[in-house]
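Enquirer: Protein chains in written order, with the numbering used here: chain A, 248 to 409; chain B, 103 to 445.
Be aware that one or more of the hints could be misleading.
Claimed, not checked - With the Cβ distance kept under 10 Å, some of the chain A side facing chain B (calculated, not the full set):
#1 R307
#2 P308
#3 L317
#4 K378
What the hints assert, rightly or not - Facing chain B, a subset of chain A residues (Cβ under 8 Å, in silico):
#5 I250
#6 H290
#7 M315
#8 G333
#9 E379
In case anyone wonders, no lab produced these hints; they're calculated from the structure.
Beta carbons: idealized from backbone N, C-alpha and C, even for Gly.
Chain residues, written in single-letter form:
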Amino acid sequence: MPIADRVAVRLRVNGEEVAVMVPPYKTLLEVLREDLGLTGTKHGCELGECSTCGVLVDGRPYLSCLAMPLDLEGREITTVEGMADGSEPDPLQVAFAELGAAQCGYCTPAMLLTARALLDHDPHPTRDAIKEALSGVLCRCTGYLKIFEAVELAASRGRRHG
Amino acid sequence: MLRLPRLDYLRPRSVGEATELAAKHPGAMFIAGGTDLVPNLKRRQFNATTLISLNALPDGRLVEGDIHHGVTIGARVTLDELARHEMLGSPFRALAQACGSVSTPQVRYMGTLGGNLLVDPRCNYYNQTYSWRKAVGFCLKKDGDICLVARSSPRCWAVSSSDSAPAALALNAEVTLQGVEGTRRMAAAALYRDDGIDYTSKRPDEVITTIHLPAVEGRMTSAYWKLRRRPAFDFPILGVAVAITWDGGAVREARAALGAVASHPVDITSFLAPLEGARPTEDLIAEVAEAADKPSRPLDNTDLSHYWRKRMTKVYIERALRDACGLEPLGGRLTAQVRAGAG
Numbered sequence: 248m249p250i251a252d253r254v255a256v257r258l259r260v261n262g263e264e265v266a267v268m269v270p271p272y273k274t275l276l277e278v279l280r281e282d283l284g285l286t287g288t289k290h291g292c293e294l295g296e297c298s299t300c301g302v303l304v305d306g307r308p309y310l311s312c313l314a315m316p317l318d319l320e321g322r323e324i325t326t327v328e329g330m331a332d333g334s335e336p337d338p339l340q341v342a343f344a345e346l347g348a349a350q351c352g353y354c355t356p357a358m359l360l361t362a363r364a365l366l367d368h369d370p371h372p373t374r375d376a377i378k379e380a381l382s383g384v385l386c387r388c389t390g391y392l393k394i395f396e397a398v399e400l401a402a403s404r405g406r407r408h409g
Numbered sequence: 103m104l105r106l107p108r109l110d111y112l113r114p115r116s117v118g119e120a121t122e123l124a125a126k127h128p129g130a131m132f133i134a135g136g137t138d139l140v141p142n143l144k145r146r147q148f149n150a151t152t153l154i155s156l157n158a159l160p161d162g163r164l165v166e167g168d169i170h171h172g173v174t175i176g177a178r179v180t181l182d183e184l185a186r187h188e189m190l191g192s193p194f195r196a197l198a199q200a201c202g203s204v205s206t207p208q209v210r211y212m213g214t215l216g217g218n219l220l221v222d223p224r225c226n227y228y229n230q231t232y233s234w235r236k237a238v239g240f241c242l243k244k245d246g247d248i249c250l251v252a253r254s255s256p257r258c259w260a261v262s263s264s265d266s267a268p269a270a271l272a273l274n275a276e277v278t279l280q281g282v283e284g285t286r287r288m289a290a291a292a293l294y295r296d297d298g299i300d301y302t303s304k305r306p307d308e309v310i311t312t313i314h315l316p317a318v319e320g321r322m323t324s325a326y327w328k329l330r331r332r333p334a335f336d337f338p339i340l341g342v343a344v345a346i347t348w349d350g351g352a353v354r355e356a357r358a359a360l361g362a363v364a365s366h367p368v369d370i371t372s373f374l375a376p377l378e379g380a381r382p383t384e385d386l387i388a389e390v391a392e393a394a395d396k397p398s399r400p401l402d403n404t405d406l407s408h409y410w411r412k413r414m415t416k417v418y419i420e421r422a423l424r425d426a427c428g429l430e431p432l433g434g435r436l437t438a439q440v441r442a443g444a445g
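This is chain B alone, in the form it adopts within the complex (with noise of 0.2 Å):
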C-alpha cells in the first residue's frame, strides 16, 4: 500500500478559521477534493504534517450570477459541476470544456475548481513515488538540488498542468484569495508565477474564495482543445482557451492562453490582434495560428516529445479559434479528442 504520511487532518468550520489554522501551523497544506494533493503526499512530494480540509466550510459550493452581470463560482463547486452547469454555456463553454476534460469522471465528482487552478505543476522527474525518485536522484523541486531537465538551469520546468487554468486567462477571469491579513481580488493570470516550485502568488494561509467571470457585452464566444495521450484519463500535454467577442461578423476582442507549454499558463492574446476588427475566414485565423505559438516552449518533462508538442500548438491555436468562430472543424484524428462538456 502507498499511505499517506503522518499528519493531522484539521477541519474547520469557516475560512477565517482555516487561514488562522495555516498561519499557525506553518508547512500545513490545504485539502479539497485531494485528487492532486493526496497522490503527491502518498509519493512524499510535500513535506506537510497538517492537511486543513475545506470539507467542512458551510459556504463556496454556490454558482450564481448570470452572463450579464457576470458569474461568480465558488471555489469548491466541482469539476463535474462546471462541466455541465447551465451558467457556463455559450460565452464561458470554455471552462465547462476545461473542467470536462479533467482527468476522469470520478476525480470530477471529487475535484474543485479552486483545486485545479492550482495543481502542482507536473514533470516526469517530480510526479513519481519516492523510491523512484531516489533512485534516479532527487531533483531540484523536492529533496534534490539539480533540475534534472536542464541540469544547468538555476530554476524549476515543471509544467502548469491545470485545465481551467487557461481558460480562466482566456475568460479574463478574477480570483478573491482570502488570508489572515485579509482578502484580495486579483485577475486569475496574477495567481501564477513563471517558477516551476514557486508557482503561485497564493500566500501559504490564503484560500481561494471565488472565481469571477466578468460580465459579457453583446456575443461572446470560447472554447478550449486539450491534447494528451489518453482522452479519458490524462493532465494535459498542452491546452488552448481562446475567447472571442464579436460586433456583428466582425472580432471585437479575442483572447486566449495556452496550458502546459511553461511553468505558468501563458497569455497570448496579443498575438491575436490581426483578428481584431476583421472578419475570421480561414486564412486568417491559419496566418494567426501560425504566429501564436511563438511562447509555446515546451521541455522533454512531460508525456510525448516536446518536439511534437512544440509543433502541435499552432495546429490546436488554430483548432481552438476555429471552433470560437463558429467553422467548421479540421479533420484529423486527434479532433475525437474535444467535447462539449462531460457526457
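This is chain A alone, in the form it adopts within the complex (with noise of 0.2 Å):
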C-alpha cells in the first residue's frame, strides 16, 4: 500500500476550525507554519530540546515540533496569534513589551504562551512557580531574569485589564 501523499486534518487553531490537506508526516509546527502561515510558533532545535516551538493544547503547553496534527483533532490548539482579544493583547504581551522582556525575541511566543497556561492554572505564582514552568523554554539571549519580572506583572494585574 503506497504511503498517502496527503490527508485530511481539522483542526480547531485559535478557535477557528481549520481543514487542511496535508502529508501525514508533517508536524504540527510545519502545518501551523507552512499551511497555515502562522510563522507566530517558531521553529529552534525540532527536536524537543527548546520548547520555542511551544503551543497550547487544551490549554496545556506542547512541543510542536514533536506533535502529529492527526492525534490533535478534536482539540484545541492556542498559538501565539491567538493571544490577544482583538485588538486588545494579553496582559502578559503588554507586560513583556514594558518591561522590555524579550531581547531577540524568538523564544519569546512560546514564553507568553507557557506563562498563559501557568497563570490559567495559578493566578499567582511564586518565583519558583514560574521558573519552574518556563524552565522548559531555553532564551538563547539568556535573559530570563526579565521574563520571570514581567510574568509576575501580567500575573500582580489579573486576567484582563480594561
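These two chains come separately, so use the hints to put the complex back together.
Expert: Written out as C-alpha cells, the structure reads:
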C-alpha cells in the first residue's frame, strides 16, 4: 500500500476550525507555519530540546515540533496569534513589552504561551513556580530575569485589564 | 527544517487492532507521546515507514487501585500526571519523582509512562543527525558495523536512559504486554535486555498496556535521585531508585536499581542485604553505598566524564538511601537537583 501523499486534517486553532490537506508525516509545527501561515510559532531545535515551538493544546504547553496533527483533531490549539483579544493584547504581552522581556524575541511566543498556561492554572505563582513552568523554554539571550518579572507583573494585574 | 521521513500514520481504535496492524506492517513503530520517537526519526535513527498511533485508543489513561491492593497505571498516563498523582505518595514516591524529573514540563505533558519505560537507549555517537553520524562514521546501532565507544566490541553499549525504569524495578513493578499472540504479564526487570540495540524483550507487535505496582504491606518508603548536567532538561547520566519496607524502625526489605550506567536498568538489591533487619544508621548506609556501586560501569558515551559518573554512583546511592530512610540530606550543590515531584 503506497504512503498517502496527503490526508485531510481538521484542527481547531485559536478558536477557528481549519481543514488542511497535508502529508501525514508533517508535524504540527510544519502545518502551523507552512500550511496555515501562523509563523508566530518558531522552529528551533526541532527535537524537543528548546521548546521555542511551544503552543497550547487544551491549555497545556505542547511542543509543536513533536506533535502529530492527526492526533490533535478535536483538541483546542492556541498559538501566539490567538493570545490577543481582538486589538487588546494579553496582559502578558503588555508586561513583556513594558519591561523589555524580549531580546532577540525568538523564544517570546513560547514564553508567552507557557506563562499563559501557568497563570490560567495558578493566577499568582511564586517565582519558583514561574521558573519551573518556563524551565523548558530556552532563552537564547539568557534574559530570564526580565521574563520572570514580566510574568509577575502580568499576574499582579489579573486576567485582562479594561 | 529537520523533517520526518515519508511515512504512513495509522490510528487504530483498539489495542487489538494496533497489534494486528503492527504484525501486518513489519518495521512499523508505535507512537504515543512521541517525545523520544519523533526526534529519533527526524535524525533517521529508525527506518520506520509506518507509525501506529496509540493516541486514538479509548483506554490506557487511568490510574486505579490503592496502596493496600496495588496500583494499576495505564501505559498512556502522562509523566506529568504521574509526577503529581496522589496515588503515588510515600510508598511509590520514587516513581512520581522519576516521572517528574523527565526532561521539561512540556515533554512531561506529552510523554507517557509506557514510552518512558521503553526510551531507546542513547549514545553520543547515535543520538545525532544523519549528516553528523555520516561525517563521523556510522556506528553499530544504526547504519554502521562498529561500536564507536568500544571499537573491538561485538555489542552496542548505548545507555538505558529511562528515569521510570529503575523506579519500576525498585518498586517491584510488573508490566502487561498485549500482542497478536495474547497478553502476558512480567516483572519490569524482565522487560529489559543488556544490549544497546536489542534492549527489550517486548516483541514488535506488543504494546505495553498497564504497569502494576504491588500492594504494600506495612510501611514503605522510596526515593529516586537523578544526576545530569542541566536539571531542567537532560536525560539521566545516573539514576538511583530505592524502596524500603519497614518493620517498625528496622528495614524489612530494601530494593534498589540504577539507571543510565548500562544498556539496561541494573538491579542492585543484593548489595543492600546488610540493611535488612537493621536500623539504618548514617554509617551503615555509607558502608552499603560504598559497595553497591560495583555493577555501575559507565562508558564514555553520554554527557560528562565516565570516571566522574562512576564516582558519583556511590554518592547518589547513599543520598537516595538516606532520603528513603528519612535521614537529613547531605549538603552539596547537587542536592538541589532532586525535587519531590514536579512543581
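Enquirer: Name the hints, by number, that the structure is in violation of.
Expert: 8
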